[in-house]
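Line by line, the protein sequences are chains A and B. The first sequence maps to residues 54 to 360 in this note's numbering. The second sequence maps to residues -9 to 399 in this note's numbering.
Read the hints as simulated data drawn from the structure, not as lab findings. Heads up, some of the hints might be wrong.
To be verified - Chain A side only, calculated, beta carbon under 10 angstroms to chain B, not exhaustive:
no.: 1; residue: 84
no.: 2; residue: 92
no.: 3; residue: 102
no.: 4; residue: 107
no.: 5; residue: 111
no.: 6; residue: 175
no.: 7; residue: 179
no.: 8; residue: 180
no.: 9; residue: 327
no.: 10; residue: 329
no.: 11; residue: 357
no.: 12; residue: 358
Every residue, glycine too, gets a C-beta built ideally from N, C-alpha and C.
Each chain, letter by letter, is given below.
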Amino acid sequence: MTQTATRAVAPKAIRANLADPSRLGVLADLREVLDELVQYRFLLQQLTLRDIRLRYKQAIMGFFWAVFMPVLIVLAGLLIKYAMARMSGTELQASSVATLAIKALPWAFFVGGMQFSTASLITNHSLVTKIYFPREVLPLSSVAAQCFDSGIGALALMLVLPFLGIQLSAALFWVPVLIVMLIGMTAAAALFLSSANLFFRDVKYIVQVLLTFGIFFTPVFFEPATFGELGSRLLMLNPIAPILEGFRLAIVEGHNLMVPLTVTSGGESVLAWSPWHLLYAGSFATAGLAATAVIFHRSEQLFAEYV
Amino acid sequence: MSDAPVLFDNVSKKFRRGELHDSLRDLVPAMSRRLFRRGGGSAEELEQGDFWAVRDVSFDVRPGEALGIIGPNGAGKSTILKLLTRILRPTRGMCRLEGRVGALIEIAAGFHQDLTGRENVFLQGAIMGMSRDQIRRRFDEIVHLAGIGEFIDTPVKRYSSGMNARLGFSIAAHLEPEVLIIDEVLSVGDWSFQARAYDRIHELVTNSGIPVVVVSHQLERIASLCTKAILLDRGRVMHEGPPAECIERYVTTNWSGDEDDHTDAPAVIRGATLLTEQPAESGSVARMRLQGTVHRPSGPEDVAVSMRVRALHTGEYVFFSETVELGLALPDRGDFTLDIDLGMHVPPGLYGVELTIYDHWRRRTLKRGPTVTIEVGGGPTFLGRVQMSPRVRLVSHAETLPPRSASAV
Chain A
54 MTQTATRAVA PKAIRANLAD PSRLGVLADL REVLDELVQY RFLLQQLTLR DIRLRYKQAI
114 MGFFWAVFMP VLIVLAGLLI KYAMARMSGT ELQASSVATL AIKALPWAFF VGGMQFSTAS
174 LITNHSLVTK IYFPREVLPL SSVAAQCFDS GIGALALMLV LPFLGIQLSA ALFWVPVLIV
234 MLIGMTAAAA LFLSSANLFF RDVKYIVQVL LTFGIFFTPV FFEPATFGEL GSRLLMLNPI
294 APILEGFRLA IVEGHNLMVP LTVTSGGESV LAWSPWHLLY AGSFATAGLA ATAVIFHRSE
354 QLFAEYV
Chain B
-9 MSDAPVLFDN VSKKFRRGEL HDSLRDLVPA MSRRLFRRGG GSAEELEQGD FWAVRDVSFD
51 VRPGEALGII GPNGAGKSTI LKLLTRILRP TRGMCRLEGR VGALIEIAAG FHQDLTGREN
111 VFLQGAIMGM SRDQIRRRFD EIVHLAGIGE FIDTPVKRYS SGMNARLGFS IAAHLEPEVL
171 IIDEVLSVGD WSFQARAYDR IHELVTNSGI PVVVVSHQLE RIASLCTKAI LLDRGRVMHE
231 GPPAECIERY VTTNWSGDED DHTDAPAVIR GATLLTEQPA ESGSVARMRL QGTVHRPSGP
291 EDVAVSMRVR ALHTGEYVFF SETVELGLAL PDRGDFTLDI DLGMHVPPGL YGVELTIYDH
351 WRRRTLKRGP TVTIEVGGGP TFLGRVQMSP RVRLVSHAET LPPRSASAV
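Produce the complete structure using the sequences and hints provided.
This is the structure:
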């Protein structure tokens, strides 16, 4: 035990008094969550390592697992795009594979993160009822393990992209920003769904159904602009949509995300991108993360009783 | 208010019996009530199906003190530990715990069966709040205490249950906590490991000068580890004081109700008194006299008066016998007076003699009688479990030292 770590904990009196009004502040709650996460960062790391080890130990696919789901999504997308191209009498574009792959990877990350984290509090039942630690680390470690998986997928994608005609551009600067937003949004969903699933066990089935059909309401296989002005606006309300579109525009088109983009689709000109989309997704991720962290933190005290 | 690092101030905890929500329809009102009203309002009254698992419990533990919590199953011991370790929050009252907690509770809870011992040591250590450096530094000691040896890189699923428990205990025992909480972990592993584990806990409790809370059904452990104790029953504190006092209360209370008390027993013991002086010297004879009545005759060998002697400071039974075994048959009918002489060949302490009407044939209690308490004390001090009444005398004595034999050179 290092001296600094001792100091970090010792002076803090742990008051579990529910009637204490000073605990009601949202900011105070957020601070508490962050403090505890910093204090328990080693646990977060160990739980992440555990999840990663378990995924690759005694597993037939090994590291291929990391690219398995994105590849399947790309193949499914190609099938649909081919059908659409045939119907409209156009050719299947060569950049389609790259476009699909760039959107498939973040979508697979989002889906995987939600799937693994939703059950995280239930599967660690014995820990939740017996040992104290900030329970946030359980869903967050699931998301972190998913980051590792998708990281491998991203490495594989980076090796393939040059062969798909993707070139380096200044717009790639936006990629890290989008990644942070995506992780934030996934973490928010993870916190919310894991605690909801603790109280109501059917939440994980609801999540499964939503994720199965969610891909049709999210621009993975298509671009929102295809649906015209109104359709595009509605589809971009899905907070994941601007992130996926952002990835596509920044990587495939080399488009600076601070600049609006108008495309013609079906004879009308459609606003395919505006910086507001970025702001929308960013604030959604930030506010969502803060709100779910507070909700999670406040319901945390009931976990041991209800799990 | 007390400034002790461990403080329970009028803490109550309410639980619900049965299912919590039947449908999603209950979700919104129930959740919003919980999240936004936060324990206000209804904390006082019990709604239907609620019960108090812990009711108005107060105690504090200062550095160097060790508090033992005893009581029958369902008394609220584990709930108190969960409140202490912040796993549960109190419905009412305040509990405070300052400093890094080392909880020897469910010590293998974080183990994952597919991971190796080494991986699990780091994982479990992290769950218990250890830092990476701390685990690295004490890794060899942990493995040594657990006696895992070369199996440390074997997946835990191939461990025996004893190895599992030993490794878990070993990690917990190296926590370097500022507050130590121990729950029924003194009984894992085989005999030699239990001895090592107990030594380690004893060392932690007596040498570290930190506050300690112990829950155990092994009363003699409470007696030897703790400086004070509370006795719980159905969530309330029944008694508070020195461990021996609480243990006495605990073992002399009939928790089981009247299960083995047959109203149609053929005989009753109406009363019993100690005739010899208190405290009885260790090794001397204590005589008690009891009055009883036989209501109806039974088989000549059936009805007996049994005496079960329990060391109240540890809770252990030290002796049992009954009159038929000793060659005495009770009369067929009517009142009787019986004298029992017991040789108190035991160490000093408080002993309870539980007298019952006993079925010699079926070996069971027919009717509980009174308990006579005998205090044993005085006489020369000794160590051990039995007073062997040693007599020492010098047989011969030479005035001068025998001369060192020159032939030995």
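In rising order, the numbers of the hints this structure does not comply with: When the structure is compared with the hints, numbers 1, 6, 9 and 10 turn out to be violated.
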